[in-house]
Amino acid sequence: MISFDLERRVRHLHERYLRIIDDDRLEEWPQLFMPDGVYEVTTRENHARSLPLALMSCHGRGMMQDRVTGYRRINVFEPHRYHHQLSGFESEQLADGSVRTVCGFLVVRTMHTGAISIFATGAYYDVVAQDSDGELRFKQRTVITDSRQTDTLLVIPL
Amino acid sequence: MISFDLERRVRHLHERYLRIIDDDRLEEWPQLFMPDGVYEVTTRENHARSLPLALMSCHGRGMMQDRVTGYRRINVFEPHRYHHQLSGFESEQLADGSVRTVCGFLVVRTMHTGAISIFATGAYYDVVAQDSDGELRFKQRTVITDSRQTDTLLVIPL
Amino acid sequence: MISFDLERRVRHLHERYLRIIDDDRLEEWPQLFMPDGVYEVTTRENHARSLPLALMSCHGRGMMQDRVTGYRRINVFEPHRYHHQLSGFESEQLADGSVRTVCGFLVVRTMHTGAISIFATGAYYDVVAQDSDGELRFKQRTVITDSRQTDTLLVIPL
Amino acid sequence: MQSSENINTHVPYWLMHDPAVYRREQEHIFSGPTWHYLCLDTELPEPGSFVTTYIGETPVIVTRDEQGELHGLINRCRHKGALVAIESCGRTKTLRCLYHGWSYHLNGALRLVPFEKGIEGKGGMPPDFDKHDYGLMPVRLANFHGIIFGTLHTATQDIETYLGPDMCAHIRRVFHKPVVVLGYYHQVMHCNWKLYAENARDSYHATILHAFYATFKLNRLTMGGGLVVNHEGWNTMNYSIGSSLQEGEYDPKELRAVMADVGLADPSLLNHRLEFADRITVAIQSIFPTCVHQQIYNTLAMRQVVPQGPGKTELHWTFFGYADDDAELRQLRLRQANLIGPAGYVSMEDGVIGELVQRGTTGQGMEERAVLLMGGSKVESVTDSRANETTVRGFWQGYRDLVGVLQ
Amino acid sequence: MQSSENINTHVPYWLMHDPAVYRREQEHIFSGPTWHYLCLDTELPEPGSFVTTYIGETPVIVTRDEQGELHGLINRCRHKGALVAIESCGRTKTLRCLYHGWSYHLNGALRLVPFEKGIEGKGGMPPDFDKHDYGLMPVRLANFHGIIFGTLHTATQDIETYLGPDMCAHIRRVFHKPVVVLGYYHQVMHCNWKLYAENARDSYHATILHAFYATFKLNRLTMGGGLVVNHEGWNTMNYSIGSSLQEGEYDPKELRAVMADVGLADPSLLNHRLEFADRITVAIQSIFPTCVHQQIYNTLAMRQVVPQGPGKTELHWTFFGYADDDAELRQLRLRQANLIGPAGYVSMEDGVIGELVQRGTTGQGMEERAVLLMGGSKVESVTDSRANETTVRGFWQGYRDLVGVLQ
Amino acid sequence: MQSSENINTHVPYWLMHDPAVYRREQEHIFSGPTWHYLCLDTELPEPGSFVTTYIGETPVIVTRDEQGELHGLINRCRHKGALVAIESCGRTKTLRCLYHGWSYHLNGALRLVPFEKGIEGKGGMPPDFDKHDYGLMPVRLANFHGIIFGTLHTATQDIETYLGPDMCAHIRRVFHKPVVVLGYYHQVMHCNWKLYAENARDSYHATILHAFYATFKLNRLTMGGGLVVNHEGWNTMNYSIGSSLQEGEYDPKELRAVMADVGLADPSLLNHRLEFADRITVAIQSIFPTCVHQQIYNTLAMRQVVPQGPGKTELHWTFFGYADDDAELRQLRLRQANLIGPAGYVSMEDGVIGELVQRGTTGQGMEERAVLLMGGSKVESVTDSRANETTVRGFWQGYRDLVGVLQ
Ligand code: FES
Ligand code: FES
Ligand code: FES
Ligand SMILES: [Fe+3]
Ligand SMILES: [Fe+3]
Ligand SMILES: [Fe+3]
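Going line by line, the protein sequences match chains A, B, C, D, E and F.
When you line the first sequence up against the working numbering, it's residues 1 to 158, in that order.
When you line the second sequence up against the working numbering, it's residues 159 to 316, in that order.
When you line the third sequence up against the working numbering, it's residues 317 to 474, in that order.
When you line the fourth sequence up against the working numbering, it's residues 475 to 881, in that order.
When you line the fifth sequence up against the working numbering, it's residues 882 to 1288, in that order.
When you line the sixth sequence up against the working numbering, it's residues 1289 to 1695, in that order.
Worth flagging that the hints you see were computed from the coordinates, not collected in a lab.
Hints may contain errors.
[Unchecked claim] Straight line, CA to CA, 25 Å or less: simulated BS3-like cross-link-like pairs of lysine-lysine:
(1) D/K691 / E/K1003
(2) F/K1405 / E/K1098
(3) F/K1505 / D/K596
(4) D/K567 / D/K605
(5) E/K998 / E/K1012
(6) E/K974 / E/K1012
(7) D/K591 / D/K567
(8) F/K1666 / D/K591
(9) D/K605 / D/K591
(10) D/K596 / F/K1666
(11) F/K1381 / F/K1419
(12) E/K974 / E/K998
(13) D/K852 / E/K1003
(14) E/K1259 / F/K1405
(15) E/K1259 / F/K1419
(16) E/K1193 / F/K1600
(17) F/K1600 / D/K786
(18) F/K1405 / F/K1419
(19) D/K605 / F/K1666
(20) D/K852 / E/K1012
(21) D/K591 / F/K1381
(22) E/K998 / D/K691
Using the sequences and the accompanying hints, generate a full structural model.
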């Protein structure tokens, strides 16, 4: 188990991530990762069968920024937003001082029409480390969804 | 970021609020606010368009007590209860020593028939301060729901 | 209110319980209880009417292990998994040094087909104590579900 | 089995459940010679403003073109049927379909078809393809004192004839000066749309179901007031004047709501200002089939009924005030908003009562009927007593006129 | 295509999916000459007690009036059809409809209509309105040894004739002294109600689907026991006596459940006490169409099947014991509750198996049929072997008698 | 009302909503003389491997028996209709039904019926019961270069004739060496299955709806390429060759997507390797009714359309590469996966556009029709221009051939 103070900082990072997405401040999202950080979304079905296909995979902030560009400027979809819930945090310190964590997440999607539905549940498998500026950032965030299904489309990162 | 100890007290206030509603101890609900506290529920649709209409708006404990009276004695509806989840807490200290916080919430409604549904998601925008008796209380709790819709009716405060 | 350090340890116990179930490591589940610990699942309907019937009732780890055996080896059902969320933690210290807590839970069930639904909400009513090996364990975990209904079947403990 | 004459007084419950009837209503009522509330003029403030809404299940757009003229259009691309406008409102220069980029002027005219002439003259639309034939289908509009009504039918009467003299007068009474939207409610009800349509016309339930009224002696059936019907009952109004204390012969103890010991901790909720010379404090006006216009003290709102299947209905509330409200009056309206809408002390029950009827009338109920005999079987205006279901019968008169008699 | 004779042996799968058939069943079976379990006498302990339930989709109330007499009523206000009682049970002096306050006596008689005489004689109900004509519609009741059955049909046989001699005897056997409710389960199943009705009558599946039985040699088809049918098969019972070890000719290795290495860490779960002289340890009794009465060791329960559309069914369990249970026996019942209900070691599979059939029979399955030939094609009692689907065929005999033959 | 000739060019919208039409399609199309994608040969690597899937709503199993032979079976127990295989894939020696343990060989033959002979000769199946009559119903298979197709109809043409020469050639082109599955997507779309079937054949929308293409000049209708139809239009292909810069006569400003200032922060996403000598970079092949085979740069995938009611459709993606991919090429495929699937830059819009049509065509839309006149009204291959809806008309040709003309 990691120190209480480190745990608190990591949990705050998780909460900040949540607020940035749920408050539709997606431009700040890549900044939560190391410059060469990795963000991937896949399903337990693919993961359990060791199949490498991902729904989204961003290697480095550039690819994350492009996802933000797609969301804001290019792709077409009905307006909607996410609401996240987090529970089930576990952590361990790695040899290099970074922290490996797992944390369950729930995402509820609300459409502009008012329709509410559970969009995804699953867990974040993260490696978090301290960046040169002293901030904690994600070296890796792997999102594994419990369901193999995606309703309609996935444009906002989970 | 506020001190850890203050953060813990504010989070406990959030959890107490949750338990009071989910355990149907609504009579205690107004006591979580300052005597002249403000409680308002509105939708992101109205909020985003700067439209002042609210679903519920209580200025002062008296109006909150009246909502409890309506729920217990006057209004008619099918028996149901709420279940809250909280995530995504952020806080900042204000000049006057009070604390401004935002926290995401999810409310699941269960009818006496057994039907379960997501009733609302959104965020609490609060101002919390220390009351004369040393307790933390809400000066203001503004509830903004992600969905513009209300299923059937809203009688229990969110 | 219990000491912060004890509260943190109890909350970690809650999170470990969650991860063990959501990660399908059910064999570890009985170990979270005292050898003679009690696990019961009932509905608010039965509870409110003081009716003793439970959906599941395990007195002692043996009966819990048998539930794991049923799940792994004997009973027949469609593959599915749970996702838990926790909120609304309250605690009090008891005379004998053990801790009584209540904590709200939400369980989302995902079928192997991809179907996602809210399976249950409710609260855990626990008594937690320190075991001879220094670990905190459940002397009692009573699960009370808000809904009187069970969708399809209940084979994985809540 | 009842004879066909009295569907107005004996309404078969299976009409609330049957999918074939529901589909028939879409054709005969919603695509029929009826006017439907779409929005308020003030919600389209400038050229390029648009609002999306529904007439029954049919998606509709209202636009204001460069000349400031309003247009009603069916929100369905003429190419392959995609919704052309998705947002609930906004501003735009053109209406462009996402699917293949067909683009329409604000008046609905088709302005551009990508690759109409093909590529280097190959492919594209046939020579006889004429863009004039493919504008967005028109919805006829009527702007009556700032309320925008629309109809899908060519033979619908002009709006004033359709409304009738009293309805027109009452709309003029409220819309006598510029209004401003203060907010919206969207409410989901698990019942057939007709159950809400009845509810809004039903003077009988108000002071009984909505116990808050009686508890605080705000509005009682025994007050002065009346029931007005126009257009053979299609359109109706129920209003109360001032206040009165006599209880009539109906024993108040029967009002489960009258609880001497119940009081408001903060009675300021009940403060209101008399805005109209006629001293009418509560007036609910229903325009057949789906428009409701309300004044409850200082709360002013339009309600639109949007059917979404035999067992589901959405109610869209548009809450407004006057552009020249003084600050105090504006605050009165917003505080009184606690009385109405999905969380309203005097209206929340309407959100569930239709569902209780929907669930009460399944199974054996499919062979039974409601009984609407309060005040007799006629459909007519009544001023001497509101213990009368004339306005509800009026709804069924309109229903029968369009759908025919379904036994 | 099968000839009409053998719907009992060859059941078309489209009957599980078709909405028109479902509605036809509501009329011919649920509103037809059938008895339905409503509740237990003990759940209405005192004057004013009421319980709400269903006969098919029709909402029903059972009340106990001031004289202690029971009444069955359709839970639908005679005015406009709202549910009159909302809670699942409770106590009340009168049944008052929320919508307009029509109020009924506990026997269903209409006692009060608000504003019946109008206001100052104006409005109100017409002179010829007679409250006697508007009581809540009656549901005929039969209290058979503490089990309350109800029927919507006037010509339903008396309960004893309907049940048949063996069914009566078995109910008397269990209900020979006062019972007390120990709790409820409510289970949602995503299948047609008939698939659960078959399942409860199906002696063939029990020891195969419910692997727990075989794993712990608790109950096997090869035990002593029998299948009893009454009323031409409408009502049936499947029981096992004592225990036996011989496996018959069916190779146990085929029982995926027999796993030598599987044992119970706490075998106390299997402790039970022999309560009945006949040494019957498991008895499942099915009363056409929707009532199931079970004894599994020391667990006693009623199960009520509530259809909610062609593809959804609710199962309501009422778990009971005897008022004079000693503490140990009461604990045995509650511990054994781990065996039954939605989480029961020997019953949870029934919650999903119907859904597997529902999903297995769509598409091309709509043209196919189940085959119920185990033990031949007759519907008759069998004591020499339970490798027989006679009891399931009996259900279809009843179905055909009421719905007719649907090919 | 249109004459019956031109359903290919004027498609009635009610076909997307009507439950009776949906059920008719299950019978005439999905149980009709059509081939359906089931899985890839490589997904059944060894004896005992099985995969479960669907043909329309009919559940299907594909197995590989001990001899390595493939079998197609309807996933419905012949006893009472339960799904026999539940998991989406796996390995097994026998297919055993959970309900009563009927057990089938991998070729579908019924191998064991528990208690077939009863118990000590009592009960059990009748003497004339022959297990040979009760094997799992067969699904005819065709393994075409590693793609497993299945049909429920006996008279379906052989696969090569069904596909047509160009379709065969294009499949051979891609499946010329062993493939390996890299992962799956499962996407839920809230529209009628036919709207997705049209979408996949629709060359017109690709570069307009999917703005990403135009923004980054990846694929434009003005590129070289063509539309190929086989089997009177049942099967079609739309392909683009290389790249081109000329924009044709269609004003690019109309492409809302062309935004000079938009760039990719990491253009490596667009790196791709030319894998095929024909320099085709994008090819979408549609096999009537529900199979889609795609090459988009280095992404290779099969898509299967699974209808789940008039308003809901699932799309199952199987993403593959070649067994001999070098590491870099494999990485290219996986990085380019960002382009396709439910989160794909150039395909996510297809997940919602069908829903926009579904919602745009309700209400009054039930009386209207789509217009498919781009490129005229013929169904034929076109190489000179892809500004042509010939491939979409081809789908309706197939639809009409099987379902008949529904006005
Ligand atoms: S559907 Fe609108 S452009 Fe094709
Ligand atoms: S519906 Fe019951 S009183 Fe009117
Ligand atoms: S349904 Fe398969 S064995 Fe009975
Ligand atoms: Fe009302
Ligand atoms: Fe069973
Ligand atoms: Fe596309």
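Hint check results:
1. D/K691 / E/K1003: At roughly 21 Å apart (the allowed maximum being 25 Å), E/K1003 and D/K691 satisfy the hint.
2. F/K1405 / E/K1098: Holds, at roughly 21 Å.
3. F/K1505 / D/K596: holds (21 Å)
4. D/K567 / D/K605: Measuring from Cα to Cα gives roughly 19 Å; hence the hint holds.
5. E/K998 / E/K1012: holds (12 Å)
6. E/K974 / E/K1012: holds (19 Å)
7. D/K591 / D/K567: Within the cut-off at roughly 24 Å; holds.
8. F/K1666 / D/K591: Within the cut-off at roughly 17 Å; holds.
9. D/K605 / D/K591: Answer holds: D/K605 to D/K591 is near 12 Å, not above 25 Å.
10. D/K596 / F/K1666: holds (14 Å)
11. F/K1381 / F/K1419: Status holds; Cα separation ~19 Å.
12. E/K974 / E/K998: Distance ~24 Å between E/K974 and E/K998 Cα, so the pair holds.
13. D/K852 / E/K1003: holds (14 Å)
14. E/K1259 / F/K1405: holds (17 Å)
15. E/K1259 / F/K1419: holds (21 Å)
16. E/K1193 / F/K1600: Holds, at about 19 Å.
17. F/K1600 / D/K786: The given pair, whose Cα atoms are some 19 Å apart, holds under the 25 Å limit.
18. F/K1405 / F/K1419: Satisfied, since the Cα-Cα distance of roughly 12 Å is no more than 25 Å.
19. D/K605 / F/K1666: holds (21 Å)
20. D/K852 / E/K1012: holds (21 Å)
21. D/K591 / F/K1381: violated (61 Å)
22. E/K998 / D/K691: Given pair E/K998, D/K691 holds - Cα atoms ~21 Å apart, limit 25 Å.
Violated hint for the displayed structure: number 21, the only one.
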